[in-house]
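One-letter residues, chain by chain:
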Amino acid sequence: MKKNILLMASVLLLGFAVQSHEGHDHNGPAGVQAPKGGIIKGNEDTYVEVVSRGKDLKVYLYDKDLKPVDPKSYNVSAKVQLPKVKKAEDLALTLKDNVLEATYDAKKAHRYTLHLSLKSPKEEHADTLKYTIEPKK
Amino acid sequence: MLNYFIRFSLNNRLFVVAVAAFVLVYGAVTVTQLPVDVFPDITKPTVTIMTEAHGMAPEEVETRVTFPVESYLNGIPGVERIRSQSGIGLSAIYVEFEWGTEIYRNRQLVQEKLNLAKEKLPKDITPVMGPVGSLMGQIQQIAVTSENDEVSPMELRNLAEWVIRPRLMTIHGVSQVIGIGGGLKQYQILVSAEKLNKFQLSIEEIDHELSQISQNTTGGFLESNAQEFLVRNIGVVNGIEDIESTLIGMHFGKPVLVKDIAVVKEAPRVKRGDGSFNGKPSVVLTIQKQPGADTIKITEDVEKAIAEIRPSLPKGVIVNPDVFKQANFIEASISGIKGKLQLGTVLVFLVLFVFLANLRMSAITLTAIPVSFLVTAIVFKLFGLSVNTMTLGGLAIAIGELVDDSIVDVENVFRRLRENAKLSNPRNLLKVIYDASSEVRNSIVLATVIIALVFFPLFNLTGLEGRLFAPLGVAYLTALMASLIVSLTLTPVLCSYFLTKDLKEHHDTKFVTYLKNLDRRILEWSLPRAKKILVSAIVMMLLALSLTAFMGRDFLPHFNEGTAMISVAAAPGVSLTESNRIGLSAEKILISIPEIKSASRRTGRAELDEHAMGVNVSEIDIDFKPGGRDRDVVLAEIRDKLQSQIPGVSIGIGQPISHLIDHMLSGVSAALAIKIFGSDLATLREKSIELKEAIKDTNGLVDLRIEQQGLIPQVKIQVLREDAARFGLSAGEVTSLLEAAFNGEALTQVIEDSKIYDVFFQFDESSRGSMEQMQKTVLKIMPDGRKVLLEDVADVYETTGPNEINRENGQRRIVISANISGRDLGSLVKEIQEKVNSKVKLPEGYYVVYGGQFESQQQATRKILLFGLLSLLAIALVLYSHFKSKTITGQIMGTIPLAFMGGLILLFFTDRSITVASLVGFITLSGVASRNAIMMISHYLHLMKYEGETFSKEMIIRGSQERLVPVMMTACVTSLALLPLIFAKGQPGSEILHPVAVVIVGGLVTSTLLDIIVTPTLFYFIGRKSAEAYIKENEGESL
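If you're matching them up, the sequences are chains A and B in order.
Each residue of the first sequence is one higher than the last, beginning at 1 in the numbering used here.
Each residue of the second sequence is one higher than the last, beginning at 1 in the numbering used here.
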């Protein structure tokens, strides 16, 4: 019985640790200027800036002093979700000149949500940051 | 013709005296009536177009309002620059015309284009031109505060709007009174979405019913008993009860009234700005004057009006008219310059008496000053000019020259009268005076013509510098022309009255004798050493010129307005409440600094203000107590404290008038504006940050900041057209209904005791306080009773968008602005340009423009140099046509750069910066130096022609000795008159005149030494042939 309780507790704690930052909306604090003019958000130790131009997306990673960091040391994945569609689809990110890049054709949609899952080398859990992208803007 | 003036005056002496007396009396009266201001009118002709576009985001404002209007405005004749700001629900376009164009013509041209542009704008959107304004138009701020809580902020604003403002608007010369703070009262109908649901009512129905809430109609006429009765149908609302009892719809046959679905209350209108005074919420009223109106007179009238209103205000309400008063700066400036002029006039008399040692001669000579000054005042009245620091400065500079004309005349007349008295058969005294005046008039006229030519560049400056310095030139030249006329008319007449008696032999004073003996010794040494003297002078001149390499370049000296303006900009997107909190913290920090007397704050934009400022920006005007630490130390402390205690905001420190001047020059309130032009907003933001990073460590750069064009949070409601169509709704219908529900709508007005208040309809806070509540808004009820919710027809989501979009000449731009501290503008901009060129890579189609004072300084310097060269050419032609000698022309022209020596040296040891003001000093100096040389050489020629002298060493020494007193007197008088200005560096009103005075006084020292040593030596060395040829050619003609 004790073993079962401990096991359940461990699973719950692990799950909590993994899931604890899922779905939170980490906004860039007021006064932080996005170095590339895009939308900047952040978690405990990283700022993530997304710049969209038409179908093209660029993702920049910075430390808390807004100094660029090497994306290779991070575990980053992306999903996109159209409005009124429940399921999000995977989006492939490629690394080029220290910048993560992707292309997504939202067809006629006026917007979509970009979910970026990010795990820094210092953190044990992944954070998800959500960006509203308006491709026609 | 000039001889005719002298002859006429001597033949009609009483008439001349009477005219002079009339000029004195009329001039004295005129002086008291002239408008007084700090500076001449320096307003660039600008037409401001404000277009309210309720509810539109900046991108929509830009594309649907600003861009169409701009495209029509392009191509209007005389337009120099079109700037625009597209903010939330507001488009502000500034159309800047060339200097010198007529503002009413410009407004007519703009209005014609606006009529055409209106066709292209969304329905119900009308661009409106702002009133004709003046740069120095914001003349006073008044704070209305309450001592206790009995008077609410809304009541305070009510008093300000309906009691104080109307009274102030009636004052002659006031063009606008803009209030900010408190709250504008309105009747609000706050509809509950939940109750709407309960009574099965839609926004569509509410909107329709409320649009008829208050209206009167006419019932025609009724005839009865031979009388005619006007029939009126009264349906206007008169208060809360009337509004509450209005029918809004039917529910199961029962009437639904407004009070059933809404709360009706008196409440302040939604604010986009707020104000406070000394850390207490208050209403701040800003008074603007009409162009050309007398600031001091208006301020006096405003204070009188406030004193009249005070007894009628509720207990505890304090009206403080002494928050910011431009009149204080004007009075301090004008009284400072007036004092210096008075001191200068006294010193002139002392100098005259010391040199001439003759009370009568001194008095006659001195007459030129008041007469010339008062003639100038009359000319000012005729041309609509004002008394200001620049015109008074022109008179201060002219003092020395004014008496010089008379000195030359009086001295010659006195000498000739004495000679005549010795004759066995003396000639008629009037004839002697006429001849003596005629002998010298040519050199006086020539010297005046040269000075007029010297000022040619000044009248060709077109920008702010032209507006500032042209009146100085007008005052200087008018006074000089007046003194020329005085020397040809009044001076001979006064000589005939006061110098014809007691003509005993005049002896020089011991002091003058000593100076003349010294002059002889110097000349006896220098005349045989011409080459050495010339080489030494050139070497010294080159050394002085090399000092310019160690001097900075600035546009204008810094003003000392006695007040400061602190701008505190929080991140775009902060709410007015948060911005207010930040502004209040800044205000409290400021008033804790001992030198600060008061602080008044305006956050965001006032309802009528043309200054389209976001709610994230606060402008705090501070007034200083007299005394205390040095102003720069206090400003540095302000900067440090604000930056350390309020993190995350950008701070700008300036002065109210300087701030407006900077705004006029570059559209940015800072000394330096680096503008990046391009099409994509994200790229502009990116490059602005790169540029800021590249230059941030530049020495001397302070208040560096990027224009607040950032992303702000937005909630977007995207109408899904197909979904909306299924419910019979068009996208336009949905957005119109939502505008009324969420943004609100002014339905009608309630009139109470001649005060007019809006009746405003909006959803209550609980119905629009969150995205979820918004999504559940019922838009329509279908015939089957089904409710159409917002979420059924639209996608409601959070996103970001720009807070404002700024454009210039049809292109988007972002500005990185900065001020300069402890360094000159020229070298700083050069360093910045190098850093930007090497570190910032711009994409194709993007470019950088450097604006602000730097741009103006470069333009002004180019123009002064170009027109300076043209004026030198003209001077050379005039001199050659008079002397018919290249040698003499060359020698006089050569004195100009040599005279610059002293100006450069003194400038190096005082300001160490070359500004447009110091260039004006050099222009004036050119005139003085060439005038002295003309007078000296003319006198040698005069001696050869009239006194039987031949070209010899003795003639040169005699001529130099005889010119020594006028030269020394002119130099001493001018220097002493300007000396107070040299010691007035940074004093209010003397900022611009100080460098002018430094250059002139320094230059006069070298110019005088030049006249004593170099001019005679050089003339003796190279002038023989030319002098003899001149005498031969002009045989029989007077000089």
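Since the hints were made in silico from the structure, they are not lab data.
Errors might be hidden in some of the hints.
When the alpha-carbon atoms are kept at most 35 Å apart in a straight line, the in silico DSBU-like pairs for lysine-lysine are as follows [said to hold, decoys possible]:
1. B:K839 x A:K119
2. A:K108 x B:K118
3. B:K776 x B:K641
4. A:K64 x B:K830
5. A:K67 x B:K118
6. A:K130 x B:K501
7. A:K122 x B:K841
8. A:K130 x B:K338
9. B:K271 x A:K130
10. B:K271 x A:K96
11. B:K776 x A:K87
12. B:K120 x A:K55
13. A:K64 x B:K692
14. B:K835 x A:K58
Please read all numbers here as calculations on a predicted model, not as lab measurements.
Each hint tested on the structure:
1. Among the hinted pairs, K839 of chain B with K119 of chain A is consistent with the structure: their alpha-carbon atoms are about 33 Å apart, no more than 35 Å.
2. A distance of roughly 32 Å separates the Cα atoms of K108 of chain A and K118 of chain B; the hinted pair therefore holds under the 35 Å criterion.
3. For the given pair, K776 of chain B sits about 48 Å from K641 of chain B by alpha-carbon distance, which is inconsistent with the 35 Å threshold.
4. Among the hinted pairs, K64 of chain A with K830 of chain B is consistent with the structure: their alpha-carbon atoms are about 33 Å apart, no more than 35 Å.
5. For the proposed pair K67 of chain A and K118 of chain B, the alpha carbon gap of about 48 Å is over 35 Å, so the pair is violated.
6. Taking the CA atoms of K130 of chain A and K501 of chain B, the gap is about 103 Å. The hint is violated against a cut of 35 Å.
7. Note on K122 of chain A and K841 of chain B: the hinted pairing holds, with a Cα-Cα distance of about 34 Å set against a maximum of 35 Å.
8. Between K130 of chain A and K338 of chain B the alpha-carbon distance is near 68 Å, which puts this suggested pair outside the 35 Å criterion.
9. Between K271 of chain B and K130 of chain A the alpha-carbon distance is near 32 Å, which keeps this suggested pair within the 35 Å criterion.
10. Between K271 of chain B and K96 of chain A the alpha-carbon distance is near 48 Å, which puts this suggested pair outside the 35 Å criterion.
11. Proposed proximity of K776 of chain B and K87 of chain A is supported: the alpha carbons are some 24 Å apart, at most 35 Å.
12. Distance check on the hinted pair: K120 of chain B and K55 of chain A sit about 32 Å apart at the alpha-carbon level, within 35 Å; holds.
13. Distance check on the hinted pair: K64 of chain A and K692 of chain B sit about 19 Å apart at the alpha-carbon level, within 35 Å; holds.
14. Between the alpha carbons of K835 of chain B and K58 of chain A the distance comes to roughly 27 Å, so the proposed pair stays at or under 35 Å and holds.
Of the numbered hints listed earlier, those contradicted by the structure are 3, 5, 6, 8, 10.
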